[in-house]
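A.B. asks: With our numbering applied, the sequence shown corresponds to residues 1 to 316, in that order.
Fair warning: there could be bad hints in the mix.
[What the hints assert, rightly or not] Computed list of lysine-lysine pairs in DSSO-like fashion (alpha-carbon distance at most 30 Å, straight line): (1) Lys84 <-> Lys216; (2) Lys20 <-> Lys84; (3) Lys172 <-> Lys84; (4) Lys239 <-> Lys216; (5) Lys185 <-> Lys239; (6) Lys185 <-> Lys172; (7) Lys122 <-> Lys185; (8) Lys20 <-> Lys122.
Calculated directly from the structure, the hints in this document are not laboratory data.
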Amino acid sequence: MSNKKRNGEITGKSNGSFAKRVYKNRMYYLLILPFLIFLLVFNYAPMYGLTLAFKDFRVLDGIMGSPWAGLKYFRQLFNGFSFKEVLENTIVISLMNLFFGWPVPIILAIFICEIRSGRVRKAFQTVSYLPHFISWVIAASLIEEMFSLNGPINAIIQELGGNAVYFMADPKYFRWILVLTGIWKGCGWSSIIYVSAIMGIDQDLYEAARIDGANKLQEIWHITLPGMRSTIIILFIMKIGGLLSDNFDQIYNLYSPSVYSVGDVIGTYTYRQGIVENNYSYATAAGLFQNVIGFMLVMISNIVINKLSDGEEGLW
Numbered sequence: 001m002s003n004k005k006r007n008g009e010i011t012g013k014s015n016g017s018f019a020k021r022v023y024k025n026r027m028y029y030l031l032i033l034p035f036l037i038f039l040l041v042f043n044y045a046p047m048y049g050l051t052l053a054f055k056d057f058r059v060l061d062g063i064m065g066s067p068w069a070g071l072k073y074f075r076q077l078f079n080g081f082s083f084k085e086v087l088e089n090t091i092v093i094s095l096m097n098l099f100f101g102w103p104v105p106i107i108l109a110i111f112i113c114e115i116r117s118g119r120v121r122k123a124f125q126t127v128s129y130l131p132h133f134i135s136w137v138i139a140a141s142l143i144e145e146m147f148s149l150n151g152p153i154n155a156i157i158q159e160l161g162g163n164a165v166y167f168m169a170d171p172k173y174f175r176w177i178l179v180l181t182g183i184w185k186g187c188g189w190s191s192i193i194y195v196s197a198i199m200g201i202d203q204d205l206y207e208a209a210r211i212d213g214a215n216k217l218q219e220i221w222h223i224t225l226p227g228m229r230s231t232i233i234i235l236f237i238m239k240i241g242g243l244l245s246d247n248f249d250q251i252y253n254l255y256s257p258s259v260y261s262v263g264d265v266i267g268t269y270t271y272r273q274g275i276v277e278n279n280y281s282y283a284t285a286a287g288l289f290q291n292v293i294g295f296m297l298v299m300i301s302n303i304v305i306n307k308l309s310d311g312e313e314g315l316w
């Protein structure tokens with residue numbers, strides 16, 4: 001073997017041209033081609049529509065023919081009282097979901113992995129995953145029935161001597177209903193990746209801990225949670241990035257004008273402005289603001305995590 005060939009192997013460089021390497025690995029490229037096409041068509045091509053935020057859009061003129069408006073719609077956005085209320089609702093609901101909803105899949109995953117019977121564990125996992133596969137249209141109907149004036153919740157309240165409450169139209173309860181139903185529907189599916197992380201922990205560590213006299217809680221605290229640390233941090237960063245990315249499907253199917261003051265979020269607001277009121281430029285400006293803030297939150301949270309962990313735990 002020549003020195004040139006050995007050097008090429010050591011450095012990982014190929015002696016062939018780029019076209020030859022592509023042809024040699026053509027089956028791998030063909031495998032990812034559908035994904036790349038999907039990404040380009042549905043994720044990148046529509047980004048051209050973001051120019052609507054800077055134009056006075058007219059349907060007959062199209063995007064290209066509509067005149068530029070500069071930052072007109074962003075000024076309207078930040079000066080309007082309704083958007084300030086919507087932004088506050090979005091932040092409050094997202095923080096409630098983060099604080100109360102984020103730990104639940106972690107706890108559920110630990111609980112699932114502590115079930116010793118394989119049959120019981122599989123049955124429990126199936127039941128916990130099931131709500132994820134129910135659309136919010138159907139789930140909203142079930143929730144509406146559950147919290148209606150004649151529903152089982154009010155039946156229990158009346159049996160205990162209280163008065164019936166229409167929870168779905170009461171601003172005092174609506175946010176909590178969003179949080180609880182979101183946890184019910186999503187925690188089982190979200191726990192899958194945490195279960196995978198736990199399964200990857202070396203079982204010898206648990207054996208050594210039991211020999212040293214550790215109880216179950218000590219095993220979870222000193223072995224399970226540290227073993228899940230990287231997964232928890234990565235998903236937390238992604239959760240922070242989606243702080244303003246409200247669950248449109250859930251809220252749209254559950255809210256009503258009576259709870260707009262506490263339940264109207266950026267997603268539903270832009271939908272009404274764009275689709276219902278045909279104010280496309282204003283709605284695009286609101287959506288662009290939401291996405292830019294989300295991107296900044298991801299970057300900031302990743303930088304903070306990298307600083308705290310000496311660059312070992314961040315996304316990049």
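A.B. asks: So which of those numbered hints doesn't the model satisfy?
C.D. replies: 1, 2, 8
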